[in-house]
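Quick mapping for you: the protein sequence lines, in order, are chains A and B. First residue of the first sequence: 231, per this note's numbering; consecutive thereafter. First residue of the second sequence: 23, per this note's numbering; consecutive thereafter.
There could be a bad hint or two in this list.
[Stated by the list, open to error] Here are the simulated DSS-like pairs of lysine-lysine, each with C-alpha atoms no more than 27 Å apart in a straight line:
{"no.": "1", "chain 1": "A", "residue 1": "371", "chain 2": "B", "residue 2": "117"}
{"no.": "2", "chain 1": "B", "residue 1": "87", "chain 2": "A", "residue 2": "451"}
{"no.": "3", "chain 1": "B", "residue 1": "223", "chain 2": "A", "residue 2": "371"}
Think of the hints as simulated: they come from the structure by calculation, not from any bench.
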Amino acid sequence: MAFALDQIDSLAKRMLFAVQEYTLFCWQGVSSLFRAPHYWADIMTQCDLIGVGSLPIVVLTGFFTGGVLALQSAASLAQFGAQAYTGRFVSLSMIRELAPVLTGLMVSGRNASGMASELGSMVVTEQIDAMRALGTDPMKKLVSPRVLATVVMLFLLTIVSDTLGTAGGAFVAVVISKQNGTQFFTSAYQALGYDDIAQGLTKPLFFGFIIATVGCFFGMKTSGGTQGVGRSTTQAVVVSSVLIIFGDFILSRALLWLYSGV
Amino acid sequence: MPDSILLQPETVAVETPAQPVVLFEHVSLRFDGPPVLEDVSFRVEKGETRILLGPAGVGKSVLLKLANGILRPDSGRIFLFGEEITAMPEDELLKMRMRTGMVFQEGALFDSLTVRDNVGYQLMEQHLPIDQIDQRVHEALRFVELEHTYEMLPASLSGGMRRRVAIARAIINQPELLLYDSPTGGLDPVTSTTIDELIIKERDVYGTPSLLVTHRLQDAFTMATHRFDSEKGEMVPLPQGQINALTSFLVLHQGRLIFDGSTEALVGSDDPFLKEFLA
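Work out the full structure: start from the sequences and follow the hints.
Rendered as structure tokens:
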């Protein structure tokens, strides 16, 4: 019994310590954005790597998710004679929920792992120490540009995913379900309110922050050689994905209350 | 007992030390487990080369990182250029580190940057004009005889070449202190001698004080018994029985500094561990 209590005590302390470390890390990463020197070239490079690099998977995911939504919903709605609402269903689902979450998960799988492995490799080969020895703050040079770039690019990628998702839904509705295209787009447009778009575009700001800070955090805390790099990479993807799903729930609740009072 | 000679650097005169370049006062540090360093005190004076010896895993690299403020001690005080760095904020430490040069164990070159960008990194961070950066990178690479690697990536260099590029990166900003972390570790004897020659060249030509970590006795004694001949452009042995008086030794064992003194004192020590270590 005493042994079990010791284990719980130790685990709780480790978890609290990890949360404390992550919070401090986030604070340093954000505060570094507002202190000179600013690495604009590195920010642009990261925007290219994260934003442009993730574009193909985001386009494909968005388009086919929209298509599947239209396929599934058209069949269900037809049972009630409400097939005309397919556009409304697709656009609301994509813009409020699926585009931000799926884009977040895709970018997390691609970039949180990339950040963790890149920074982790730099840690185990002493490149981070070398950077500090050369008078450069790794938080400013490596972490802050990734955080800013991920937040900005995930926001833009989500808009791309919203557009492609709606387009995918329209393609399926018109080509496969033989619906009227004008009807689809009119229904999709009329269903959308300011609060829906605001909800859908608020989420990626948080998800981008989660992806970059978790990826960089696990990368910078890597220890134990190449095996440690692998471990950090896996942890970064798992933790950022879980935090995105969990964060989505919390954000949805908060945003619904904020915009609809529900 | 061999006679000591004081070698004067060719370009910089050695002055009477006013304050040490590095000063450790009762420094202790532990991670998880037993202490890595315990009550370590020593100093590096201007113009001095101090060689830190000890078996592998004894905390030599940790001590070097403490000297540069990359790690912080649990207790004790560390002074760099007369300023206490023990609890100095990171922003101030970064400025302080601009005055030092550090060569890491495996070179620690940035693998995504070319040799030019690695060597000129500190100058690029200072936003110097490109012409000036290029010129100084060429000079630094010429010093380590690797000018032809200018456009190459670190991955295409041999282990010895990477260390030489790391030395070029460390000296490009004309540091006031050089820290070498096992610069010959894992290299073959011929390449090790080339690295030793570069370190001796830096010591004798520029007179930069340094703290050098190694577990290779041969390197340590080469430092003490050789000088750089600028006319010949190579390292030559000192006359029989003479040693470099500005080169002295520190020995770490089980986290404690068990020796701090000259080459003669080290060789003549009765300490059983030192005798075994030097055997």
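Hint check results:
no., hint, result
1, 371/A to 117/B, "holds (15 Å)"
2, 87/B to 451/A, "holds (17 Å)"
3, 223/B to 371/A, "violated (33 Å)"
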